Amino acid sequence: MSLLRTVDLSRSFGSLLATDCVNLAIEAGERHAIIGPNGAGKTSLLNQVGGQLRPTSGQIFFKDREITGLAPERVCKLGIGRTFQKNNLFTRLSVFDNVRLAVLAMRGQPLNAFLPVTRFAALKARTEEVLEQVGLADRQAAPVRSLSYGEQRQVEIAIALAADPELVLLDEPTAGMSPAETAQMVEFVKRLPRTLTILMIEHDMQVVFSLADRISVLHYGRLLATGAPAEISRNEAVQEIYLGTAH
Amino acid sequence: MSKRAGSVVNADSPTRRMPSAGRHAAVIALAALALVPLWLGDYGRSLVTETLLFCIFAMSLDLLMGYTGLISFGHAAFFGVGAYTVAVLGALFGIHPVLGGLAAVCLAAPLAVAIGFFCIRASGVYFIMLTLAFAQLLYTVAIKWRSVTGGTDGLVAPRLGSGTETYCAVLLMLVIVYFGMRRLIASPLGQVLVGIRENEARMRAAGYATARYKLISFVIAGCLGAIAGALFAMHNGFVSPAVLFWMLSGEGMVMVVLGGTGTLVGPMIGTAVFLLLKHFVSIHSSHWELLLGAMFIACVMFFKQGIYGWLRERWLPGSRP
Numbered sequence: 001m002s003l004l005r006t007v008d009l010s011r012s013f014g015s016l017l018a019t020d021c022v023n024l025a026i027e028a029g030e031r032h033a034i035i036g037p038n039g040a041g042k043t044s045l046l047n048q049v050g051g052q053l054r055p056t057s058g059q060i061f062f063k064d065r066e067i068t069g070l071a072p073e074r075v076c077k078l079g080i081g082r083t084f085q086k087n088n089l090f091t092r093l094s095v096f097d098n099v100r101l102a103v104l105a106m107r108g109q110p111l112n113a114f115l116p117v118t119r120f121a122a123l124k125a126r127t128e129e130v131l132e133q134v135g136l137a138d139r140q141a142a143p144v145r146s147l148s149y150g151e152q153r154q155v156e157i158a159i160a161l162a163a164d165p166e167l168v169l170l171d172e173p174t175a176g177m178s179p180a181e182t183a184q185m186v187e188f189v190k191r192l193p194r195t196l197t198i199l200m201i202e203h204d205m206q207v208v209f210s211l212a213d214r215i216s217v218l219h220y221g222r223l224l225a226t227g228a229p230a231e232i233s234r235n236e237a238v239q240e241i242y243l244g245t246a247h
Numbered sequence: 248m249s250k251r252a253g254s255v256v257n258a259d260s261p262t263r264r265m266p267s268a269g270r271h272a273a274v275i276a277l278a279a280l281a282l283v284p285l286w287l288g289d290y291g292r293s294l295v296t297e298t299l300l301f302c303i304f305a306m307s308l309d310l311l312m313g314y315t316g317l318i319s320f321g322h323a324a325f326f327g328v329g330a331y332t333v334a335v336l337g338a339l340f341g342i343h344p345v346l347g348g349l350a351a352v353c354l355a356a357p358l359a360v361a362i363g364f365f366c367i368r369a370s371g372v373y374f375i376m377l378t379l380a381f382a383q384l385l386y387t388v389a390i391k392w393r394s395v396t397g398g399t400d401g402l403v404a405p406r407l408g409s410g411t412e413t414y415c416a417v418l419l420m421l422v423i424v425y426f427g428m429r430r431l432i433a434s435p436l437g438q439v440l441v442g443i444r445e446n447e448a449r450m451r452a453a454g455y456a457t458a459r460y461k462l463i464s465f466v467i468a469g470c471l472g473a474i475a476g477a478l479f480a481m482h483n484g485f486v487s488p489a490v491l492f493w494m495l496s497g498e499g500m501v502m503v504v505l506g507g508t509g510t511l512v513g514p515m516i517g518t519a520v521f522l523l524l525k526h527f528v529s530i531h532s533s534h535w536e537l538l539l540g541a542m543f544i545a546c547v548m549f550f551k552q553g554i555y556g557w558l559r560e561r562w563l564p565g566s567r568p
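So the protein lines, in turn, are chains C and A. Quick note on numbering: this note's numbering labels position 97 of the first sequence as 97, and the sequence is numbered without any gaps. Quick note on numbering: this note's numbering labels position 91 of the second sequence as 338, and the sequence is numbered without any gaps.
Read the hints as simulated data drawn from the structure, not as lab findings. Computed from a predicted model, the values in this text were never measured in an experiment. The beta carbon of each residue, even a glycine, is placed where N, CA and C say it ideally should be. Be careful, since some hints might not be right.
One-sided and incomplete, this derived list gives chain A residues near chain C with beta-carbon spacing under 7 Å [said to hold, decoys possible]:
1. A369
2. N446
3. R451
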């Protein structure tokens, strides 16, 4: 049984097919990368899984349960966390408060209107645990907007992980990062436990090949190929459209 | 006043505490307020009473505008419903205004659920226009339903008691609402509302059904707005459709922005400045709105944090990055 499965998933914007009959199966524990040229429909695909975008047709199954068209909050509660391509954070709040909000949604009492939020020890403990995990413990009091771009990417990841997801969707986790930050991020993702399944979009081929167990190639919304990194790098069609070496 | 002040406002630095000087100033200000009825005449006391009850109105609106990020242009709906409930129950059935006030909250809550249900589905300008539309709808009802509301003639409302008694009741209510809202804002629910203000899409991706929380905020604000309106009826002894007019909604927004959105003290300062200006400048000139407009523009352009934010910047330099 695949953890995540899309069946003939399609999404059109007017006459443009952003996603065109995509059949994708992600196995539990896998690190799966989606690559493809700009405009290939990678983020549209992720947004449909995450609930940010409704598919035009087709279905999405998570743990054999249909999640097609569910609202983002429902998808999150079912165990799919995500990060966004552009940092999408609570920029005026502190790092700690950002992560605490994510923890609160899943294991707090978000409807409690009477006790100070600081009174909940379990909330604080879990938040600190996540911050420790992503290496932001010493930056927790800083407002997010004062962080470097790379650090903000880490907060993105922290928010996604805070919800204890089984599947995490990473939309270009290293975009805009310096080489050093990228190397750190790769190390970080490598260290994540195999109980966590990762579906990521990534442009940096070095990152893709050092992390992914399998790679799927999207081109004009269509799934061109799926396979192990070695197969994908040998695939002629992929080379032609994506790596540009077949000319 | 021993705990953190405006902990969410100062989200930039969650550990900052209100300096003891500020705390003392607040306590002295409160004590001074409590003495006002002993020193001021009827007019002055009445003016302060009105200011205090509008402080409740402005704070309740700020829960939407400043904390949840919902710009309501129809908050007069709840103020007006609160005022009319007290007036109608008193005038038609001889019901005591305190019971009328309770009834006002009991009526405002389901009304806010109904109005909020539709409004929170929209966002941005559409939310603003929808709230305005609902408030104007109620305004029209107040004008047309003459047998109950007295139409444009208005309605005599039962007063709570003497001027001093009313003043004390309003002050007590303001203190209760202030500390209640402080608790709310520091609570998990308050943090969720701030999260929605900051980035609603992210909140949804983090697992929050934001519509539910926005509705809760709308209902709380509506109930508090109705309390302010009920107090207004008890204080004023007279209610007219003006309490439901869009102008009052707009004035509430000015009070909040003038004082400083996203704070509890700010709307109170804004209310005081607004009403005092209105009363004193309008004695000498018929163009007081001109001065108000200029102040409003200055606030929006140069003091984005409002008067309170500006004061804090001066007194606590470096407190805001």
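We went through each hint and held it up to the structure:
1. Because the smallest distance between the Cβ of A369 of chain A and any Cβ of chain C comes to about 17 Å, over 7 Å, the interface hint for this residue is violated.
2. Taking 7 Å as the C-beta cut-off, the interface hint given for N446 of chain A holds, the closest approach to chain C being about 5 Å.
3. For R451 of chain A, the shortest C-beta to C-beta distance to chain C is roughly 4 Å, which falls under 7 Å, so the interface hint holds.
Consistency with the previously given hints fails for number 1 only.
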